[in-house]
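> Please take these sequences and the hints and turn them into a complete structure.
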Amino acid sequence: MKILITIHKDEVAPRFDQTSEILITETEGEKITGEPRIILLPGTSGEDICGLAIKENISLVICGGIEDTHYQYLKWKKIKVVDGVIGPYQQALNSAVTNHLKPGVILPGAGISGEQSR
Amino acid sequence: MAKKKKRASFQANAPLLSQLDVISLLDSMTLGVLFMDPARRVIAINRFLEALTGYNREEVVGVHGENVIRSNLLSKGDPVGKALESDETMTLEGDIINQSRKKNPIRFTIAPLKLTTGKKAGVMILLEDISLLKDLDNKIHGFSGQERIIGNSRKMHEIFELLPITARTDASVLITGETGTGKDLVAEAIHKASKRSRYPFIKINCGALPESLLESELFGHVRGAFTGADRDKPGMFRLAHGGTLFLTEIGDLSLPLQVKILTVLDDKEFFPVGGSKKVSVDVRIITATNRDLGELVKLGEFREDLYYRLNVLRLHLPPLREREDDFRLLLDHFFLEFKANLHKKLKGFSADCLKILSFYSYPGNVRELRNIVEYAVNVCPNGTIRPEHLPKTLLTMPQASTPSALDREVTSKAGNEKSMSGNPAKMTSSAILSPGGWGQVEKNIILKALTTTRGNRSRAAELLGWSRSKLWRKIKHHALE
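Line order of the protein sequences matches chains A and B. Letter by letter, the first sequence follows residues 848 to 965 of this note's numbering. Letter by letter, the second sequence follows residues 20 to 500 of this note's numbering.
Hints were generated in silico from the structure; no laboratory data involved. This structure is a prediction, so every number in the text was calculated from the model and none was measured. Hints are supplied without guarantee of correctness; some may be wrong.
[Unchecked claim] Footprint (simulated), chain B over chain A, 3 or more residues, beta carbon under 8 Å:
id : segment
1  : 874 to 883
2  : 927 to 941
[Claimed, not checked] Partial chain A-side listing against chain B, Cβ under 7 Å, derived:
id : residue
3  : PRO861
4  : GLN865
5  : ILE913
6  : ASP915
[As the list claims (entries may be wrong)] Label pairs and their in silico Cβ distance ranges:
id : chain 1 : residue 1 : chain 2 : residue 2 : range
7  : B       : SER369    : A       : LYS878    : 39 to 49 Å
8  : B       : ASP351    : A       : GLU875    : 41 to 51 Å
9  : A       : ASP915    : B       : LEU281    : 29 to 39 Å
10 : B       : LEU413    : A       : ASN946    : 30 to 40 Å
11 : A       : MET848    : B       : THR412    : 19 to 29 Å
12 : A       : MET848    : B       : PRO410    : 19 to 29 Å
Virtual Cβ for every residue (Gly too), placed ideally from N, Cα, C.
Structural data, given as structure tokens:
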């Protein structure tokens with residue numbers, strides 16, 4: 848399974864369409880295979896990230912807030928979306944791999960990493 | 020002298036000010052309020068912000084504020100950071116995305132928080148929902164929010180005429196219609212045009228959650244009500260106080276919850292799950308379903324008393340196949356919308372492509388048409404959209420052959436047909452909808468009208484409610500000459 852996470856620093860980015868970094872990784876069963884890739888997206892829109900997810904053959908998108916248009920579009924393209932996730936992206940990824948990540952979850956590590964510098 | 024006196028009396032009241040229940044005070048405001056510490060973590064939010072974001076205050080304390088409001092402030096030069104560094108208060112416009120995945124235009128006022136000692140304590144953000152102002156602005160510049168509901172057909176005109184009447188009252192509204200016909204848009208348009216528009220519009224899908232969870236979502240719960248209820252939860256009824264609660268897929272609501280909803284509609288108060296204190300609310304209810312509630316009542320799956328209570332005002336949204344005049348209008352609208360969004364220089368659809376699109380039955384209605392156009396605009400590199408740019412499923416799918424399409428009720432034209440044949444007003448669509456989609460249906464209707472009038476085109480046009488020239492064009496189009 849190929850997973851895309853919208854990230855900001857160490858956390859899942861608050862907003863899908865405002866994200867400037869994405870992480871793409873592949874999993875097999877409950878294991879992460881290979882080295883995750885982090886891609887910088889200067890001035891990218893939600894449409895661009897949707898396009899990238901399709902191009903990269905992504906099966907699961909993990910993100911924060913996402914507009915319904917983008918959500919429905921990804922769903923229509925048979926891409927699963929777990930949205931509204933708050934917390935460190937590594938935790939989100941680990942939960943996703945074990946199939947425990949739920950939409951709208953506030954992960955235990957959320958907010959403890961101190962100031963979110965921008 | 021007077022000033023000095025005033026200051027003295029103010030200082031005398033300072034202890035009183037420090038004892039004020041600030042949160043209760045903020046809860047009475049129709050502005051969202053967020054307090055953050057210098058590390059940008061949430062200290063507190065008020066009730067209005069709970070409604071705006073969909074988050075409960077207890078669960079977000081300590082979380083980064085940006086994760087709660089999900090604004091686009093980041094792209095505006097980090098005003099929160101500036102407020103933390105300086106003493107400046109600033110106001111700017113942007114938007115937020117709430118838990119229901121809806122983007123709302125917001126006016127943000129960001130002010131630094133200071134203790135009486137002068138020490139910086141964080142930031143306060145006021146969030147004013149300016150959707151109404153934006154709609155008004157769009158109206159002045161020739162585009163109103165209601166125009167998001169596009170339609171020029173007779174059936175849609177009937178809906179447009181009913182919308183302002185529906186918005187003026189507080190009566191319950193039941194919106195029916197197949198999936199993808201725009202029930203959510205209509206519910207929101209009613210709320211925005213009503214006197215409740217300054218208050219929250221909260222949507223909840225009754226079919227998306229298990230019964231126990233839905234009860235807690237709707238009515239809230241008190242701490243300790245069940246395992247895992249480690250804090251109070253206000254519930255959607257309380258969050259929508261003053262505004263509108265939109266219950267979609269109401270036909271999927273369980274019987275015990277139907278009783279509870281009925282009680283709220285009658286008494287305007289309810290007990291939260293596990294609570295012993297009644298909560299009073301002033302909420303308008305709009306419901307929607309794609310199921311036949313009357314039939315569910317007959318089957319004993321829906322309470323008759325609740326059905327009548329919800330069905331005070333009823334709007335039935337026609338499926339796309341009954342909106343023959345709207346197909347091209349919607350197609351062009353979505354084409355222009357996606358072309359502009361994706362910055363593509365496309366010319367339009369080829370004749371072959373239009374033929375495929377117009378012969379398709381659209382079981383998913385307007386939503387499906389929109390998705391197809393979005394796909395085509397994305398896939399087509401430049402020039403004209405041709406059949407190969409359409410979703411493959413559309414090209415391989417036998418047109419209008421899905422059971423759902425054949426099971427549906429009659430079209431408006433079927434109504435005409437029946438008046439011609441003198442049959443009662445209801446018949447199954449299998450007589451009207453045949454494999455071949457709307458194009459085939461239209462062809463059958465024209466043939467039937469011509470047969471009834473023994474080939475008299477003027478009378479046939481009259482029966483169909485068309486002009487002679489429209490009938491002539493359609494006859495040419497379907498090669499019926």
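> Need the list of violated hint numbers for this structure, in ascending order.
1
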